[in-house]
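Whenever a hint applies, use it, and build me the whole structure from the sequences.
Chains as they are written, first to last, in my numbering: chain A, 1 to 101; chain B, 1 to 101; chain C, 1 to 460; chain D, 1 to 460.
Take these hints with a grain of salt, some might be off.
[To be verified] Below, simulated DSS-like cross-link-like pairs (lysine-lysine); rule was C-alpha separation at most 27 Å, straight line: (1) D:K254 <-> C:K23; (2) C:K361 <-> C:K23; (3) D:K23 <-> C:K23; (4) C:K254 <-> D:K23; (5) C:K420 <-> C:K285; (6) D:K23 <-> D:K254.
Calculated from the structure, these hints are not laboratory results.
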Amino acid sequence: MEGFAALYIFMLAAFAGYEVISRVPVILHTPLMSGSNFVHGVVLIGAMVALGHADPDDPVQLVIGFFAVFLGAANAAGGYIVTERMLAMFKSGGRKEGGAK
Amino acid sequence: MEGFAALYIFMLAAFAGYEVISRVPVILHTPLMSGSNFVHGVVLIGAMVALGHADPDDPVQLVIGFFAVFLGAANAAGGYIVTERMLAMFKSGGRKEGGAK
Amino acid sequence: MSSNWFVSMAYFIAAVVFILGLKAMSSPVTARRGIVWAGFAMIGATVVTFFMPGLHNVGLIVTAIVLGGGVAWWSGKTVKMTDMPQMVAIYNGMGGGAAAAIAAVELVRGAPHDGVTATLMALGAIIGAVAFAGSCVAFAKLQGIMKKAIRLPAQNNVNFFLALATFGVGLTVSYSTQASGFEVFIFFALALALGTVLVMPIGGADMPVVISLLNAFTGLAVGFEGFVLGNPALIVAGIVVGASGTLLTQLMAKAMNRPIRNIIFAPLTGAAAEGEGEAIEGTMKEFSALDAASVMRYANKVVIVPGYGMAVAGAQHKVWEMAQLLEEAGVEVVFAIHPVAGRMPGHMNVLLAEAGVPYDKIFDLEEINADFPQADVALVIGANDVVNPVARTDKSSPIYGMPILNVDMAQNVIVVKRGKGTGYSGIENALFYKDNCRMLYGSAQQAIGEVITHVKALEG
Amino acid sequence: MSSNWFVSMAYFIAAVVFILGLKAMSSPVTARRGIVWAGFAMIGATVVTFFMPGLHNVGLIVTAIVLGGGVAWWSGKTVKMTDMPQMVAIYNGMGGGAAAAIAAVELVRGAPHDGVTATLMALGAIIGAVAFAGSCVAFAKLQGIMKKAIRLPAQNNVNFFLALATFGVGLTVSYSTQASGFEVFIFFALALALGTVLVMPIGGADMPVVISLLNAFTGLAVGFEGFVLGNPALIVAGIVVGASGTLLTQLMAKAMNRPIRNIIFAPLTGAAAEGEGEAIEGTMKEFSALDAASVMRYANKVVIVPGYGMAVAGAQHKVWEMAQLLEEAGVEVVFAIHPVAGRMPGHMNVLLAEAGVPYDKIFDLEEINADFPQADVALVIGANDVVNPVARTDKSSPIYGMPILNVDMAQNVIVVKRGKGTGYSGIENALFYKDNCRMLYGSAQQAIGEVITHVKALEG
Ligand SMILES: NC(=O)c1ccc[n+]([C@@H]2O[C@H](COP(=O)([O-])OP(=O)(O)OC[C@H]3O[C@@H](n4cnc5c(N)ncnc54)[C@H](OP(=O)(O)O)[C@@H]3O)[C@@H](O)[C@H]2O)c1
Ligand SMILES: NC(=O)c1ccc[n+]([C@@H]2O[C@H](COP(=O)([O-])OP(=O)(O)OC[C@H]3O[C@@H](n4cnc5c(N)ncnc54)[C@H](OP(=O)(O)O)[C@@H]3O)[C@@H](O)[C@H]2O)c1
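Structure below.
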């Protein structure tokens, strides 16, 4: 990717992230922390590419690549489940506690 | 520029613009309309490049290019002065009306 | 390359400053600073462009900048505040025209482009030309040059086929490597015609929505041509404006309770919703300027609700003078602004700001609606639709559901207007027939002037 | 190419959905929907990656995903709600580790990179490794594996030189086209050591700020490696998280009234600000569970203020049980949450949500502070710093200026805590000595349990 295009993407992503997040109310800050933790779990696809392009005959590359994918998958899966569990607990007074009867 | 990079820039700019603008209070919507009008006056630099790269021997290109720069400059200058005039009028009760004594 | 790097970096910084400048508009305290920054960024970006390697025709460029910038600066500097809407329209149109002209230069040069680029170039050209022509029409209407809405027979079919033809020719021209000058000419003639035909039938009162929409259009066109030129600063600035213009247009349409589609494709025909709705009972009771002056002079709290009529009459200075007199006499005076009072979003705020009203005396709908019952007097100056209680009660009314300022809940309501004229939506106002409402007839400027005289006389 | 196009498009869509998902978190009503969308986007992005042309080692990839995902899913599913903070920490660390490992693969492959790419690769590797090691330490502290804060002699010098060495080696390694495996190993060993040494001296109570900061770090690392791999989806997701993590960290530090610098470079040493500040006069007056029960049972309005002590005791279920009993008896019960009550932002909200408290009974500082004078009872459960009036009055106090919940303005204050323990900041609380304040000693779980028994008995 051309350098300046990437620079623009960096800048705009930072703006967008900052603006979007600054609307999240304090009540949701813990799930937000966990949710953004989940979002960077997309590193998984980077790890898959890295392992997928590693030299199949070089065990060092394979081991590190395997490690990368393993960690990335854990980040994504763990981040998701924790966030989802937290958010599932938030209920409004409209529904009865206990959620779906 | 590579196509996908541009697509990301489009998408992120739209997000950033939308989020930033949706915080502007109604009281400032008219200046905002005028201010965003000013911002797209940056088309001026595109027009300068277009005229600057036009064939100096082709009068058609030169005329259209001249027209482009003329219009772009008018957009930028007019947009600025109108916005600035509007915003200069907004005063808080803290200061006496009339602004700088 | 290094000079190119320098230029690109300057553009990048300009793009960042533009966004920050718009961000600064989220508060009246920082807004002005924001536009000044953005102005410097624009100057910087313009200056560095001269350092771009291989730039020819520098003399022409400078001439065009000086001429275009000079004319616009001068006219923007001298225009009256009340004529601002049409100035915004025309400058916006010029931006669209510039984007279209950039595409025209590219087409005439006949440089080959890949599919995506060619498509975006054509789209940018069409949108830009539509914005240009449309804005010129909008300007003419607001300036009073073009008085009535001209509706072609079978308008919507004309729109449709003209649009089809424009897109067809546009794409053909931009895909072919060697389009003739004539084809390019036809293309732009079509696009300009399309813009004209789209905006012609729309009434002057709907213009602000149209201007805002065309503003978004210009933004898009600039963004697309930015892609064609490979200039990300143009893309960012253009698309940011495109998104923000879209948002503003939506907000306006929503606050007016009219979908954007209707505004463009089924414009108000004048004698709109006449006769519909429930019949309103009661009589309108007149009030003299003296009565109005004494009621307000001895009130504890007066809420002033300005509307389009105050803008037309240019009465904001008088209104503020009156408010100050009342304040000196110990009356609490505040202003209540409906989001679509007047004809542009924030219209009233700009006018009151011009008159010198501090913005902390100005409250918007949500802030003040609960306070009307505590107000002794609600003084409505040239507002109509935005205080029409029918919006709360009558489901068949075209403004049903629009949030309104609940002036009818004040102890006394005084309405300043010239006669029995309806507002923008063309419907009757139940407020004027209420028991606690009195009419003070006259143009706002002159009526408030009389009130001022009487208040002064009461003071002794 | 066409298959590549398909993959890129899927990544693009995923990036958009991630942003929309985070946007949906701006309301508890849509938040869950948002994370579910984002989850689908993640699955989609993962699946299409298999269609990327020239992908080898597919078996290994699948195995790693199943193992890593499986373990994390299982542990995340089974962990107790109170252990959530350390789970967030460890998953975050894993993301950082993955980013660092991507850089390691690239370095070992020795593919040539231009200057910018090499620099970003090295930076991403360092930041990712620091996040990994730091998060492991944070996990160990919160899980109680590592009990005390270990401070090296001349800690800040060690940090500085270690950081210097790491950056030096890192840049050297990534600029050279053929770095040996040993050099790469040294680089990562240094980076991991740096992360460990940075977080070790920080006390467990400061961990949430550290976790949030490391979360931002991981985001940045992912963004940088996204640049190296030429994958804009990684850049976008990473940088969005980087920005949001930075914002969250700032908000936390601001609400705690401690600059981030201090947290990292001058951690609280335990016996913090002891002895400083004005002497507090008066005595602490004890209350029995029966007294507390009857005062609340016959009150009109009770405001419950939970704090870190409730989290430690896991008393949220008991508290909600009590609140429901009181409500049945006709008492109005609401919850007041300070933004930094507990040890994570929104900590109390999550716990109360877990217990089933509907979020419309929960009010934050600005919403409720004006209502305390109308409350008959303010029940403080394991909160201390966030209700310390010293923050309003004593300029020499370390928490001076932090906005607090004004419970001292309620008619009666009941404080549930185990003894004379201070809160996070280690300072005395003037509230406990006020005339209208009574102490109910005991661990929250058991104390509230007793209150419940008495309320039931009062009911008959
Ligand atoms: N703000 C926006 O963005 C925007 C954009 C487009 C449309 N609109 C629409 O515009 C309307 C705005 O409502 P509004 O209450 O401000 O105005 P309005 O409903 O248009 O009513 C204006 C009133 O002012 C009176 N008037 C006209 N000239 C006057 C003068 N010289 N002195 C005193 N009174 C005068 C007219 O009655 P007489 O003829 O009897 O004097 C008329 O009833 C809404 O329907 C809104 O949807 C708003
Ligand atoms: N929320 C965040 O994001 C965050 C992050 C980092 C730091 N902090 C800081 O953490 C503090 C939070 O304030 P806070 O008022 O919630 O808590 P706090 O000031 O830390 O006070 C907690 C109190 O709970 C009592 N307690 C402990 N265990 C208990 C139990 N089992 N049963 C009953 N009471 C118990 C303790 O007194 P006894 O020992 O006498 O029982 C202590 O006084 C603030 O200073 C804030 O700056 C917050």
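Pairwise hint evaluation, C:K23 against C:K361, where the allowed Cα distance is 27 Å at most: Since the Cα atoms of C:K361 and C:K23 sit roughly 24 Å apart, the hinted pair holds (cutoff 27 Å).
Hint consistency between D:K23 and D:K254 [alpha-carbon to alpha-carbon, up to 27 Å]: holds (23 Å)
Keeping to a limit of 27 Å between CA atoms, is the pair of C:K254 and D:K23 held or broken? holds (22 Å)
Would you check the hint for C:K420 and C:K285, treating anything up to 27 Å between C-alpha atoms as holding? Roughly 12 Å separates the two Cα atoms, so the pair holds.
For a C-alpha distance cap of 27 Å, please report whether D:K23 and C:K23 respect it. Roughly 18 Å separates the two Cα atoms, so the pair holds.
27 Å limit on alpha-carbon distance, applied to hinted pair D:K254 and C:K23: holds (22 Å)
The structure agrees with every numbered hint stated previously.
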